[in-house]
Each structure stands twice: as C-alpha cells, then as structure tokens.
Amino acid sequence: MATLNHLKIVFTGTPGAGKTTAIGALSDTPPVVTDVRNTDASLGKENTTVGLDFGQVDLGDGQFVRLFGTPGQLRFEFMWQIIATDALGLVILVDNSRPNPLDDLAIYLDAYKDLLPTMSCAVGIGRTIECPLPTVDDFCDMLAARGLLFPVLAVDVRKREDVLTLVDTVLVQAEMRL
Amino acid sequence: MISPSSTVSSDRRELKLLVQNLTDADIAKANAFLRIGCERLKFDWKIVYSGELDVLMLGSDDAQTVRGMVDDPVATLRVIDAHAARTETSPHLVRPLEYERFIEMLSDVERRVAATSAATSAATPAVPAVPAVPAAAPAAAPVSSKPSLNTTLPDPAPPPAVALPPAARFRLRRWPPLVLLQGYRYHPRLASFLSARHLDLDELARLSNVGKEECQEFLLALMKAEVLDVELAGVRRPEPPTPPPPVSTAATTSPRRPPVSSPPAIDRGLLGKIRLSLGLTWRR
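Line by line, the protein sequences are chains A and B.
Residue numbers for the first sequence follow this note's numbering, so the first one is 6 and each next one is one higher.
Residue numbers for the second sequence follow this note's numbering, so the first one is 10 and each next one is one higher.
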C-alpha cells in the first residue's frame, strides 16, 4: 500500500496567471517560491517562477497535500507532465489579459493530453473583469470541441474563496472516480 | 455626460435601461458591456435618461422623478461602492462594474419580462421546451419559482412550472454557461458532480450535501440551457467505465518521467480530511 504522504495538487498555466498566488492562498506554510527577476518585458511583472512553487496543507497524522506550481514559460514544458504525474488534481490557470488566452489554454491541454483522460482537472480564467473577452463560455466551447469536460470558472486568485472553489471542483471529480 | 449608445436596429424587442446619478465611467462601462454582451442578451438594450424604462440603474440612494415615466420599472439596480455592498440588501451592482454580473442581472430581467409577456398572452400558455425529455414523460411536482441567481428582483410573474422527469439521471454534456454558475457558490460544485457521471436528484443532493430543492432548481436550469444529458428511467445506458484513480500514462509516453511509487490510495475519508483542512465544509 502506498503511503499517502505524496498527495499533490498541481497548479499550472501561463506566466502571470497567479499560480504562486493561488498556492499562497491555500498553503499552511509560507510557500517556497523559485522566482527570479523577470527579463521578459512581455510578461509585465517584476518576478517570474523558473523552478517549482511549493506549498502544503497539513491534514494531521503526518499527512500533507502538497501544492506544486509549475513554471509557466513554454521552455519549461518538459517539467509540466513530470510534476503532474500521479497528482490528485490539476488546476490550469489562464490569464485572460494575455494576447491569445484560448491559444494559451490549448498549449496546456496539449501538454497534458496524456494525463487529462484520467486526471481531475479544473480551469480558472483570471482577469475576466478587465478583459471580458474571450468569455468563460468561449473556453468551455473550446474544451467541448476537444471532447473535454472540466469545470471552467472565472477566478481572482487573490481571493482564497475563488481558489477554494476551483480546488473543490477538482476534489469532487476525484471523489466521483472512487 | 456621455451620450447613450446608439443601438443597431434589429427585430428583437428593445428594453430601456434608464441611468440616474451614475458617473460617466459607470455609463461608459455599461455601454461597453451592452455592446460586448449583445449576443448573450435576448433583447436589444438602450441606455436612456428619461421617459419609458424597463430597468432603473441608480447611482444614489433615492430615485429622482423620471420625466415621462408611466409604469414602474421591472427592476431597480443600485450601483454602490464595494464598502457598502455588505450591508446592501436590495439588488445592486458594485463599482467598478463587472461585466458578468451586469449581463447576468440584465438577463434575469429579460427572463422576467419574457415570463410576464407569456403570462399575459392568454392564447398560448408558455411552457418552455425541455430538451432531451420525451413529451409523454409524466410530470413531477412543480418546482419552486425562486430565481436561480442571488438577486431579489421584483417578480412580476412566476415562471412557468416545469418539472424533472421522474427517476431520471442527469449528466452534463458540456460545462454550463457562466450565467448559470454565478450567484450560488454551490452551483460549480453541483456541476462538477454532474460532469463525472449520471446522477439522479437524490444522489446529487446526497453527494453534494446541497438541498434537494436547490439541486432540482439547478438541474432545471441546466435542462433549459440544453447542457444536460437526461437518462430516463427504464432506458438506462451503460455508464462509460469510470476512469481509475489518477494513474499516469506518462510512463509510456515520456522517457523523462522519474521513477515514482504507486499512486496514493484515495478514499472519501481522505478527501473529507482535505476539505476539512482547507475549510471546504458544505453544510446547508
């Protein structure tokens, strides 16, 4: 029987989508971040993650749910699937203020396509207030066109409640797989 | 003051949104939202400053006399600052105006206007079509007419009664439109349950720990939106095999996968523990 010590939920998605923030919203301990000064002006932020973000939720009895955040840049794609393997769930975050958010999501759906059929997954779309287009429903259409059915929610990852709602939808799927 | 937007002429019925004591920024945003959201709205909306109106959008506590107004508005939406939102009990929008919330509230008004029109049309009692359900399906008890969103707009006419087919099981065909998920925080949760496999009303209520009445109301809304696959009693199709717990296929697709031990055994107790630790408790 495997130990339960390595339960993990993985946050992935575009640079600036809020993976680090989302992990910080849930983690019992200050998240370990691997941010460095950003040199890509197109990202529009001071720091960006180049390794893993890590946080954890203490379940008691020595059990933890580990929260991993992948580096967003495409050049780190080789890490994405490795990190998500055997995860309890995957949360894909998309920044709707980027030039092509639908294309962004497509990159992650392609990257995880081997895992998605058996993976509990949810998609969170950020900055929908400032950038209402494409709409959340456009993202749903895109998933439907690929034969995928995952929760797609507008989120503000600075709000713990929003992050919790996303994670809850992942846990529900995990429960239904039992 | 920003002038009202000019509406594109169409065959659709026009509804008037009368703005009062709003900032230029509010009005500009409302105009932009109406342009962007016109495909999601069933009526053409026009912002006006006087005369007939369907909705009063108010930037102050008290409405002033509206020149030319004959009938009361279908709804009054107060626009308030975020700090006042906690104590506001009437239908309201919070500054800065949010697109989804704005469209959602206008959509709610549209439903009410449509329901009123249907109610006054004696010739054709309006019973909306229920997708994927045979017409011969016997009707269960009518459901509550409570609006599906957390607004408390005036209710001029109750929506026509529709019912879930008895003993039916439901599963999402696709993720529902956002407008059906906002308002109640448990709607995304219910939709998640329905995304995984067919469930009947009792199963959905039991698994989600959400009240049966709320589950029923949500299922009806999903049926109206035509995103539900409905499996009727006696014609149950074999459920597609439930995927196993998250076991990766990456071992065969990626040589870079590091060696790992077998995945953890997950059970409901463990998931409950995770929920408890995160503060995700569902007691309704």
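I should point out that these hints are in silico values taken from the structure, not numbers from a laboratory.
Ideal Cβ positions, reconstructed from N, Cα and C, are used throughout, including at glycine.
Hints should not be assumed to be uniformly reliable.
To be verified - Derived lysine to any residue pairs resembling SDA-like cross-links, with alpha carbons at most 20 angstroms apart:
1. K13/A - K51/B
2. K51/B - Y108/B
3. K164/A - R284/B
4. K164/A - A93/B
What the hints assert, rightly or not - Distance windows between CB atoms, simulated:
5. E212/B - D143/A: 29 to 37 angstroms
6. E135/A - L289/B: 38 to 46 angstroms
7. P104/A - N218/B: 38 to 46 angstroms
8. R163/A - G281/B: 36 to 44 angstroms
9. D80/B - L183/A: 52 to 60 angstroms
Each hint, compared with the structure:
The hinted pair formed by K13/A and K51/B fails the criterion: a straight-line CA distance of about 44 angstroms is larger than 20 angstroms. Under the criterion of a C-alpha separation no larger than 20 angstroms, the hint pairing K51/B with Y108/B is consistent with the structure, at around 16 angstroms. For the given pair, K164/A sits about 17 angstroms from R284/B by alpha-carbon distance, which is consistent with the 20 angstroms threshold. Distance check on the hinted pair: K164/A and A93/B sit about 19 angstroms apart at the alpha-carbon level, within 20 angstroms; holds.
Range check, E212/B to D143/A: Cβ separation about 31 angstroms, and the 29 to 37 angstroms hint holds. Distance hint check: the CB atoms of E135/A and L289/B are about 28 angstroms apart, inconsistent with the given range 38 to 46 angstroms. In this structure the supplied range 38 to 46 angstroms holds for P104/A paired with N218/B, their Cβ-Cβ distance being about 41 angstroms. Between R163/A and G281/B the CB atoms are about 27 angstroms apart, so this pair departs from the stated range of 36 to 44 angstroms.
In this structure, D80/B and L183/A meet the distance hint of 52 to 60 angstroms, their C-beta atoms being roughly 55 angstroms apart.
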